Each structure stands twice: as structure tokens, then as C-alpha cells.
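A.B. asks: This is what each chain is made of:
Number of protein chains: 4
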Amino acid sequence: MASKKIKVGIVGGTGYTGVELLRLLALHPDVELSAITSRSEAGLPVADMYPSLRGYVDLKFCDPADAALGQCDVVFFATPNGVAMQQTRALLEQGVRVIDLAADFRIRDVAVWEKWYGMTHACPELLQEAVYGLPEQNRDAIRNARLLANPGCYPTAVQLGFMPLLEAGIVDRQYLVADAKSGVSGAGRKAEVHTLFAEAGDNFKAYGVAGHRHLPEISQGLVRMSGDQPVGLTFVPHLTPLIRGIHATLYARLTKEVDLQALFEQRYANESFVDVLPAGAHPETRSVRGSNQCRIAIHRPQGGDTVVILSVIDNLVKGAAGQAVQNMNIMFGLEERAGLNIVPLLP
Amino acid sequence: MASKKIKVGIVGGTGYTGVELLRLLALHPDVELSAITSRSEAGLPVADMYPSLRGYVDLKFCDPADAALGQCDVVFFATPNGVAMQQTRALLEQGVRVIDLAADFRIRDVAVWEKWYGMTHACPELLQEAVYGLPEQNRDAIRNARLLANPGCYPTAVQLGFMPLLEAGIVDRQYLVADAKSGVSGAGRKAEVHTLFAEAGDNFKAYGVAGHRHLPEISQGLVRMSGDQPVGLTFVPHLTPLIRGIHATLYARLTKEVDLQALFEQRYANESFVDVLPAGAHPETRSVRGSNQCRIAIHRPQGGDTVVILSVIDNLVKGAAGQAVQNMNIMFGLEERAGLNIVPLLP
Amino acid sequence: MASKKIKVGIVGGTGYTGVELLRLLALHPDVELSAITSRSEAGLPVADMYPSLRGYVDLKFCDPADAALGQCDVVFFATPNGVAMQQTRALLEQGVRVIDLAADFRIRDVAVWEKWYGMTHACPELLQEAVYGLPEQNRDAIRNARLLANPGCYPTAVQLGFMPLLEAGIVDRQYLVADAKSGVSGAGRKAEVHTLFAEAGDNFKAYGVAGHRHLPEISQGLVRMSGDQPVGLTFVPHLTPLIRGIHATLYARLTKEVDLQALFEQRYANESFVDVLPAGAHPETRSVRGSNQCRIAIHRPQGGDTVVILSVIDNLVKGAAGQAVQNMNIMFGLEERAGLNIVPLLP
Amino acid sequence: MASKKIKVGIVGGTGYTGVELLRLLALHPDVELSAITSRSEAGLPVADMYPSLRGYVDLKFCDPADAALGQCDVVFFATPNGVAMQQTRALLEQGVRVIDLAADFRIRDVAVWEKWYGMTHACPELLQEAVYGLPEQNRDAIRNARLLANPGCYPTAVQLGFMPLLEAGIVDRQYLVADAKSGVSGAGRKAEVHTLFAEAGDNFKAYGVAGHRHLPEISQGLVRMSGDQPVGLTFVPHLTPLIRGIHATLYARLTKEVDLQALFEQRYANESFVDVLPAGAHPETRSVRGSNQCRIAIHRPQGGDTVVILSVIDNLVKGAAGQAVQNMNIMFGLEERAGLNIVPLLP
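Residue numbers (our numbering), protein chains in the order written: chain A, 1 to 347; chain B, 1 to 347; chain C, 1 to 347; chain D, 1 to 347.
With the rest of the complex left out, here is chain A:
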């Protein structure tokens, strides 16, 4: 365990992933919070915006121009897409490691990225260096990453659910269905009509069926799990009236008989944050609320050849800030659970 604490900076700490990073890092034994930037809120004590942090975080938001981010060991970007790519090169050159919670470095193919995100990428040359931070898939590369692309929330839940099946090559890769449901915090803390309480409350809907930005990210991961074979994925996200939580219901057609329960249990036997439930279980989103856990159950209804995987995470933790801390722990050689030893809040 490092005797010297890791100096951490956060760019864009006013959104939900920002406050969630602060919740986790405030009690992390090996971390010293050095700076939190926000252009709009510069000068405001962080705990004035988030009273939940009173007594835990004494920092004020500072203007990005004034933040001595170059003196940090690591900087987290909890910013909208397109911000991190503007500042990453300079930080890396100062020897600062970067963890981006947005999408700037998640897609290796710059043309694909630019199509889905509608921007020109500011530093395409870094895309090859960036490490995709799904530890269960990619731990070794993460250890040495200078630049880490933290996965999206849907991609985390969906990839962890499909991974054992695809790695084992026992399903028809051409017909994968991911029917995913997200709590409203996944949309962030932006003033928008469709996420108002009176719009999203007591209501359920699909959205982005024609194409959601997480589709290419998931597909890229599924291809990799499949040994670079092509995959065909239908991904339908839904908005459900809960605050935190993603529930992914995954469908695939089996092409080979195996003991699915054993397959999953073995694949994740050494993973601290993936919990394979007993056969027949139905994971609830609240069973991971506030924690970095992913819980997975495997079903094969009526003994047919369609396998159904249920995968739940807290979108703000394993789907964002918690996974970012897990990645930081790996990058700095800390105990992987440091700062993440949290019992989910139930009820």
C-alpha cells in the first residue's frame, strides 16, 4: 500500500458522475483530492452544491485555468463528450495519467467515433494508446495505461453479460439481442424536459431504437470477445422510472451444449465485482445500489436453445465512477477494492 497518497484532480465535478467520484474518493484511503474544476461554479464550495458532501469534501470548485492539474498523479474527466480530448495530450505530457469517464477514447476507429458523436476528434493519434477500462476483460493493459477510457454504463452491463458466452463461442454471434433498461440518472444532471420528474415518472419507454451511441462501443467489445469475428447486435435501451440502476436482459441462441452456470461461475471466479447468482435467480437493480457490483443470472427458459442473461449494475458506480476508481486502483497498484468496499443500500 502506497504510503504517499495519490493526488487526484477532477475536471467537471458538477454532474452525477462527478459527485459520485467525490463520494467514493472522499473515503478512499490512498487518495488526496487536489482539485475539482467547474467553469460555471468556480469559487463555490463543492458541499454547497452537494450538501451530502458536507464534512467530507472541503474543496471549492476552481476555474480550469487556475487548477494545477499538472501536479496531479491522475486526472478524472467527468465532463460531457468532447472535453477530455482537448486537454489530454497536455496532461499526458506533464506525466499525468488520465481517466476519461466520457466517450472520447472508447472507440478505436476514429471514423466510427466521429460518425456517432458528430464531432471531429481532437487527438485521433491517442485512440490507439487509450486502454478500454473493463477490468474483467482487460486488466493487464489497464495496469500500464497512461490514458484510460472508462466504459459506458450500458456497455458495462451488456459486455459482462455476454462475455462468457462469446469467449466460449457457444452462441450464434449474428443474432444477439440486448434489451436494456436504465434509471434516469444515466441521462446526467442536465436541465432537459424529457427527464423531468413529471415526464419520466410513472412512465416507461424505449428510446434510441434506431441507433444509440453505446451500440458501436458494445459491438467493438463483443467483436473482441469473439476473437475479432463479426457480431450482429440489436440493442434497445429503455428509460425506467428509477434513479440508479441498469438492468440488461440479453438473448442469444445456443449453438452448443454446455453447463452455462458453471461457465459463468468459472469465468468470474476471481472477479471481485462480478457476482454470478445461483441458478434461477432474478437480480434486482437495488441489490447493487451504490456499489461497484455487477450481478448476473443465467436462464434457459423451458430448456430451449435461447439463453437469457440478466445483468444489473448501478449505472453511476460500476457503470461510471466506481469502475473509474477500480481502474485507478489497478493503474496505481493499489488493492482493487480500495475505496469500493461498500454494502449496497437496500431498501
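Accuracy of the hints is not assured; some may be wrong.
Stated by the list, open to error - Chain B is faced by these chain A residues, among others (derived, beta-carbon under 8 Å):
#, residue
1, Tyr117
2, Gly118
3, Lys181
4, Gly232
5, Thr234
6, Thr240
7, Ile243
8, His247
9, Arg253
10, Leu254
11, Glu284
12, His299
13, Leu310
Unchecked claim - With a Cα cut of at most 20 Å, we get these calculated DMTMM-like pairs of lysine to aspartate or glutamate:
#, chain 1, residue 1, chain 2, residue 2
14, C, Lys4, C, Glu32
15, D, Lys190, B, Glu192
16, C, Lys190, A, Glu192
17, A, Lys7, A, Glu93
18, C, Lys7, C, Asp58
19, A, Lys205, C, Asp48
20, A, Lys5, A, Glu32
21, B, Lys5, B, Asp63
22, C, Lys4, C, Asp48
23, C, Lys5, C, Glu32
24, B, Lys190, D, Glu192
25, A, Lys190, C, Glu192
26, C, Lys5, C, Asp58
27, D, Lys7, D, Asp63
28, D, Lys5, D, Glu32
29, C, Lys4, C, Glu41
30, A, Lys205, B, Asp275
31, B, Lys4, B, Glu32
No wet-lab data here; the hints were simulated from the structure. All values reported here derive from a predicted model rather than from experimental measurement. Ideal Cβ placement from N, Cα and C applies to all residues, glycine included.
Got chain A; can you put chains B, C and D on it based on the hints?
C.D. replies: What follows is chains B, C and D alone, placed relative to chain A:
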């Protein structure tokens, strides 16, 4: 239009389908509410249990033994499974028509019914006579029905979504997926732990993946739509924290090129209660809240050969009491929208 | 009953009071919807924005400049504060009657209005003519009103609860407490952070304790009920995670012994939309959901001299659009319940 | 810090206060969980009932008859009212300290207790010895307590809000109003109709206005704070659709001018779990979600002589299990925050 009002009795008016029937029938222009039975609440004014009905329903619950149900024109059973089958024969013999909102008469094959419902059927000989009350599929038979089996909530949303595809024979019938999400009122007004606010609130989960009672009902309907060809359906129901509403997300693989939007619009062109939304739409459950409407949208993500159908209903209206009233209207030659001319409550 | 339908215009139909007016007016037997204006949405079919209205409202939003509002019999303003006062004079001069659902004409004292609303009033000379539209207090004046100020949501619930006590002069007017709780739709359909689902959901808070705009409106009404004696009111509004509904809990100290239950029952004996519940009852907000009803219960805990009044309404109906329609009915000599004969939606 | 861990037993671990105790104690550095009893669930792994505890709690529920509670250092009763009083004497005689989270030992006057709880007390002689566990009022007595009565949820929020005012003697004690709102988890994990999601969701109501069991408990505390002077309290609890959280809005009439903000800040200056917010603040229930914090704000609307105190807690933490752990810490000479160093979960 009948100048004489239809005399209606309700058996088991204390649950959610019961109070919903009362909400609809209280303002139905052609109906006279004659009796509402409840063994446990006999003597209690209905409006004391449901203050929402104050000023609209003056009846008291009466003991089933005292209710002159034989003098009604039609009796609705809003009872748990297994009750209607005990009393239906006697009512039919008195010339009373029966609409069962529970499952007693939904499955034609008595062996299948007994397996899924875990009871011996009390009057299997009536199963052949019973008419399955999905008007969009079965209107002619409904007109002359003495005994009507009102469809389940999930089966209504799922069947209306798949029907045009199966009738047209343009999808692979062996690999149908119905990922369905229901509000909590679908579980009824029973004191149970898993539907408590503190259990079901801010939470999302699948349930019954191994096998749900609505599976054989849906399969029976899909087979019928397919010209008695076998179908393979994977049905996964989920509990979502809203009060009313079902959202079914349906997946099928196209085997033939057709204009899907036109196919659906034509199929439902004359249906008052099925609304095919414009291409690209995402129906919300609240857009049908309190109404008998089903809204459907058709998608074909990335132009692939997987079709995605989104189908929403209010589980207590088109999924229960409203469809029962619609069936009553058809059975008695009334205007099909009578008593159902309701603008959904939004927000 | 008028054989000729009333021509109705709505200015600002995109918010929650707008869509609620449309829900009610679409089925009103004596109304013809002539025009709905929205600068930002001009040209868009109303039902495209609100799919709940598909099949019920065929109009498109039109630009205010193009709307022939001068040919309407009555125009409703469902606009932000400060809009109606700009257009009212011109409409009145064309013989159009005006119902403002915002606050422009609710306060008789222009200085008080300007202080609380932070604007200069555009037509202070109309304030004396404007009729405050609380029918239970003011029905006669409403009949002849050209310009009607529809009450606020909190003021409706609070005034109806205090009215019998103050008119009877049996409580200490100097120490009145109104602890009021509102659903989130009361904040309107504006993109704001504090009413996001992830902010207002699973959360409860007071707001505006230092002073809320509804305080002077309520005080003005309570003074009037008290025969122009001064009153001292402490008003604390709270935001509660429900969509629709206001629950006002009112406290006053009795100065005289009377039969409170009888007092309230007699005061509201002829009121169609105020329902005095039996002694000991606890009205629920859902018991009025979607309806124009106000339900009231009277308590005197432990027989002490503090009286507790519980008063619930649907903030969008009796607290806004429904009361506006009720006022229109009175103004045009229609049956007061026309278009408002709605059974609340429960559950 | 004790090098030897405290052996803890829990009687009745299946309810919400039970699982919350487990959440807190599982990570408490000085505690060893020895036994958790449940008659109905004996043999079941605790984590099978509460998957949130997987990996944190390995115990199985055991039958009360088999539990070696006599070897524990302390036993928590997370049972319904009336259970702890049956078993406490025997435990005390074995040298085990007892913390009752139910109401058996909260009221000193046995006649009052028996009237409100409708039972004969099983060990009235222990009522005088029992220490009421509100640390901010009673810390010295708690240190030496063998038998601790953990306060109710409403009583905690209300007493902490009124305490500075009553101790200072600056309000009219005869006219205190506590308008309190609770999340639904306060009703426990019992299968009951009125706390179903479809009943309590999207709904708000008062209850128990005629008299709630927490009234005598609160009154007893307020009297004590007032130097044994009588007090007159009107207490109105409400059920609000959130899972966790109590918001108490308190009203009192000032009889003396003081700096209220300074009064509260000084009173709670040394209290780790009471946070006096800056003047003008509105505490939100979510700002304490999952934590043992109470946050308080003081208002004096329009500068009048009515003071309004806003007090929020998490009913399952500071209102139950957290306060019980805080009391245990005090009783055993541990750091008072041990096991309670938790950042609230927001959003």
C-alpha cells in the same frame, strides 16, 4: 342504441380490476350497475373503500349469497383465478352472459391450463365454448359469446404487437422474443412483500423467467395467428416502478421483405383502440394511461433483419377492465367505444 | 344548454396546464376548440407533442400572430406570468372573454403584485375589474366576469380548507399555519435541474419558506373571508415525489366551540366539487387524481383547541385547468359540471 | 480502540431495521457478528434473503432457541413491539447489554405505554432503568446503560428540531406543531395493502391524525427538554412516496428574541451527527440518505414570531439502525462515528 340499460353485476369488486370496472361503468351511458359482491366487505359502501368513487357509485358490496346475479344481463368476474369457473355454469343456465377477467377460460387445452394454474378445472366442457376476447383478432365470435375469457395484460400487449407479422407470415416463428415490462398494479391489490413500495420502488427486476402463466396464453394466440403453425416464444416479464402500464418490446427475424409500417397501418386501420404510431416513434406508457388504447411502433434498427415492435397499453384498461367493457359493448351490440371515450391522463 | 358551441382559444398550449385544458375541452359537449398558439411550436400538430391527444385533438399549434383569437368567445392563457397582461386589453375590446391561468390578475393591489412578481404590471387598471375565480367563494361575480383570474394551485387547496373557519370567525386569525405539499407537475414543464427525476425523485424538501408567490394570494383571500380583518399566515410549501396532487395540512387555534364537521358540511352542501369526508378521514391525493374535486377532512387531535384541516386537490385540475373550465361553465351559463364529470384515476 | 471485537447478536433480522443493522455492522471495525435470529427463516443464509449482503454477511438466520445470545456482548432487538420485553431480563442477568430498536422501553410511564401500545408490559420494573438513546440529549446516561431504548424515527427528527428552542425556553410550549412526512420504509417490511407500491406510489396522505404512537414518546422528550414543564404538541404524520427519509416541519411561536441561527449552531457544535445548515437553507431528505446525519435549518418567515424548523433524517439510519450503532459505540467506549462514516447516496 338500446333504450333499456344493461344490468351489470360484478363479482369481486375490491381489487384493481374491480375498481377500474367501476370507474368505467359508472359513466357508461348504457349500463346500470346492479350488484357488486365481496364476501369480506359485504355491507360496506363501495365508495368507502374507494373514495375516488364518491358521488359516482352508491352501491354497497353485498354478499355473493345475497346478490341477485341471475337477474343481471351480464356478470363480470374480477376475481382470483379459479372463482369464475365455480359459478359460470349456473349463471349461463339462467341466461346471464359472463365475462371473466381472470384466467379460467383463456386456455383451450385443459391439461395445459391445469399444469400452469395448478388446479383441477371445474368445468372443462365450457372451455370450447368460451370465446377469447381479443376483439382485434376475434370480433365476430365475441358478438355471440355467452362466456367470454378476457385476455391477460401481457398477452394483450404482446399479441397485438406480433399479430400483423405472424398473420403475414414474414418472420421466423421459431425465434420470437417478448421482453415485457409491467407496472406494479398488474400484481393486484394483494398484501405481499415483493410489491411493497419499499421493495418495488426505485428498483427493476425480471421475474418468472423460467415460466410465467401468460406464456401458454400468448403462445396459443400466436399459434392461431400463424394458421396453427407452431411457434417458439421466449417471454421475459419484468417489474418496473410505475403503477399502470405495460411496455412490450418484441423481437423477430424477418424472412421476407415488406413495408412493415404499411402492413401494421393496414391491419389496424379499422381498429378504434389500436394506434399505429408514425415510423420512428417510441410509445410511452403514459400516453395510454387510464385509456383503452394500445399504441404500437415498428422499428428495424440499422436496416438489419431483426424487427423490433414496441407496444404499450394500460394494464388495467386495455389489459383488463377496459377490454372487458369493449367486449361487453360488442356482445350487446353497443357502439364499441361506449364508455371508453377517455383521453389518457398525461402527465 | 347552448345549441351553439363556445369557440375557445388557448394561448400557450405546450405546458402542463395547456395539455390539461385540451384533455378536458376535447370532450366538453359545449366547446369548439378554435386555436392553440405556441410561438416555438407553430405548425406542429398538437398530438405530435402530446400523443395522449391522438384522435381527440386535430389542431396544430399556430403562431400567436396568425391566430384569430378575436373571433373566439373565450381565450384561456396557459402562459408564464406576465404574458396575459400584454394581450388582455385588446381581446376584451374585441368582446372576447379572458381566463388567465397564470397570476397576472390574481392580486388586487398592484404594488403587492409587482413586489412579488418582479415586473411592472402592464394593465393595472384591469386589476379591479378582474374576478378571482374561486367559485365556492365568488360564484356570482364570476357569472358576469369579462376577465377571470384563475386561482393558483396552493391557494385553491388552502383557501377551501380555511374558508368555513374564517367565515364563521371561530379561530385565531393571527396564527394560521398552512403546511402544503405539491407534486412536481406544479413546477410546470420547464427544463430545470431541481425538478429532474433524479433530483426530485425519492426526495422530499421544503422550499420558498422565506416567501412564496402564493402567500400574498392566499392572504388576500383569507382576509376577504374574514370580513376584511387582517390575518397572520405561515405558509410552507414542500416538493413531494408525485406527479399530480396537492395536500394542504392546515392548523388553526379554535376560539369558540362549534361542531366543526357540521360547519364544513353545511358550508359546502351545495358545492359539486368540494367533498367533505366523514369525520376521522384522511384524504389521499390520488382520490382526486385527474378530477376537479377537492376533498376535505376535519380533525381535532386529542380534543385540544388546535383544529387540523386536510385538503387535497389535483393541482392541474381543481388547481388549474379544471377550475378554469368550471369558471368558463359559470361564465357562459352552462351546467357547472359540463366536461368535468370525471371519475378520479385510482390506482 | 478495543483490540477485542464486540460480539453482537441481532434478534429479528428480517425487517428493514435488521438489514440496515447488518449493512452498518458488516463494515464496523470493532464488531463481530455472532448471531442473527429469525424463527420463520431459520437455516436460510441471510444473503439469500438480502442479496445486497452477498460477500459481506456469511451468517445464516438461526432459531431463537438455538442462538447463544447469552454469549454476546450486546443484543439488538429489531423486532416488532412487545418482543424485546419478553427476553430482556434474562439477557441482562447474563451480563448482556440490550439495545431495543422497537418501542418497549421508550416510555417511562407504564400506564401511558400500555394505553398506546395495547399490551400489558412484561417487565415494567425495567422501564426506570432503561436509558432513552438520543445521544444529543442523553449521552452521559447512555455510556453506562445496560438497557437502551432506541428512539423512534419521527421522535428523533422532531426532538432534535425542537430541542434548542425548548431548552432555551424561548417559545410558547403550549402550541407546538410537528408536521412530519415519512418515506414508506418507516412502515416496515410487512405485507400490508396500504404500503403497496400501487397504493403508496404517486400518492400523499396524512394518517393517524387522531393519535399516533410516537406522540407520547415525543411529548415525553419535549417535557424533559422543557425542565419538566408541560407541553402542548400537535403531531401530524404523513406518508410520502419515497423509500427512506423523514422531513419534519416544526412550528412554534417565539416568546423572546434571540439569534436563532447562533442558538442552534452552538447547541450542536460538538455533535457529529447533527448538521445545522446555513441560514435560509432547505434540507432535502436525500442529503442524508443512507447516513446517520440529521440536517436542520431554521427559518422565521417574513420576520414574524413564528419560527419554522426543518429537520431531516434517514428513518432507517439516524431514525433506527444508525442511531442504535451510535448508541452501541457510546456504550462500549468506541469512537462515536465508528462504522458510521458514510457519505450519503445522492442522487
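A.B. asks: Determine for every hint whether it applies to the structure shown.
C.D. replies: Hint-by-hint comparison with the structure:
{"no.": "1", "hint": "Tyr117", "result": "violated, 17 Å"}
{"no.": "2", "hint": "Gly118", "result": "violated, 17 Å"}
{"no.": "3", "hint": "Lys181", "result": "holds, 6 Å"}
{"no.": "4", "hint": "Gly232", "result": "holds, 7 Å"}
{"no.": "5", "hint": "Thr234", "result": "holds, 5 Å"}
{"no.": "6", "hint": "Thr240", "result": "holds, 5 Å"}
{"no.": "7", "hint": "Ile243", "result": "holds, 6 Å"}
{"no.": "8", "hint": "His247", "result": "holds, 5 Å"}
{"no.": "9", "hint": "Arg253", "result": "holds, 7 Å"}
{"no.": "10", "hint": "Leu254", "result": "violated, 12 Å"}
{"no.": "11", "hint": "Glu284", "result": "holds, 4 Å"}
{"no.": "12", "hint": "His299", "result": "holds, 4 Å"}
{"no.": "13", "hint": "Leu310", "result": "holds, 5 Å"}
{"no.": "14", "hint": "C:Lys4 <-> C:Glu32", "result": "holds, 9 Å"}
{"no.": "15", "hint": "D:Lys190 <-> B:Glu192", "result": "holds, 8 Å"}
{"no.": "16", "hint": "C:Lys190 <-> A:Glu192", "result": "holds, 8 Å"}
{"no.": "17", "hint": "A:Lys7 <-> A:Glu93", "result": "holds, 17 Å"}
{"no.": "18", "hint": "C:Lys7 <-> C:Asp58", "result": "holds, 15 Å"}
{"no.": "19", "hint": "A:Lys205 <-> C:Asp48", "result": "holds, 16 Å"}
{"no.": "20", "hint": "A:Lys5 <-> A:Glu32", "result": "holds, 6 Å"}
{"no.": "21", "hint": "B:Lys5 <-> B:Asp63", "result": "violated, 24 Å"}
{"no.": "22", "hint": "C:Lys4 <-> C:Asp48", "result": "violated, 29 Å"}
{"no.": "23", "hint": "C:Lys5 <-> C:Glu32", "result": "holds, 6 Å"}
{"no.": "24", "hint": "B:Lys190 <-> D:Glu192", "result": "holds, 8 Å"}
{"no.": "25", "hint": "A:Lys190 <-> C:Glu192", "result": "holds, 8 Å"}
{"no.": "26", "hint": "C:Lys5 <-> C:Asp58", "result": "holds, 17 Å"}
{"no.": "27", "hint": "D:Lys7 <-> D:Asp63", "result": "holds, 18 Å"}
{"no.": "28", "hint": "D:Lys5 <-> D:Glu32", "result": "holds, 6 Å"}
{"no.": "29", "hint": "C:Lys4 <-> C:Glu41", "result": "violated, 30 Å"}
{"no.": "30", "hint": "A:Lys205 <-> B:Asp275", "result": "holds, 16 Å"}
{"no.": "31", "hint": "B:Lys4 <-> B:Glu32", "result": "holds, 9 Å"}
Checked against the numbered hints given earlier, this structure breaks hints 1, 2, 10, 21, 22 and 29; the rest are met.
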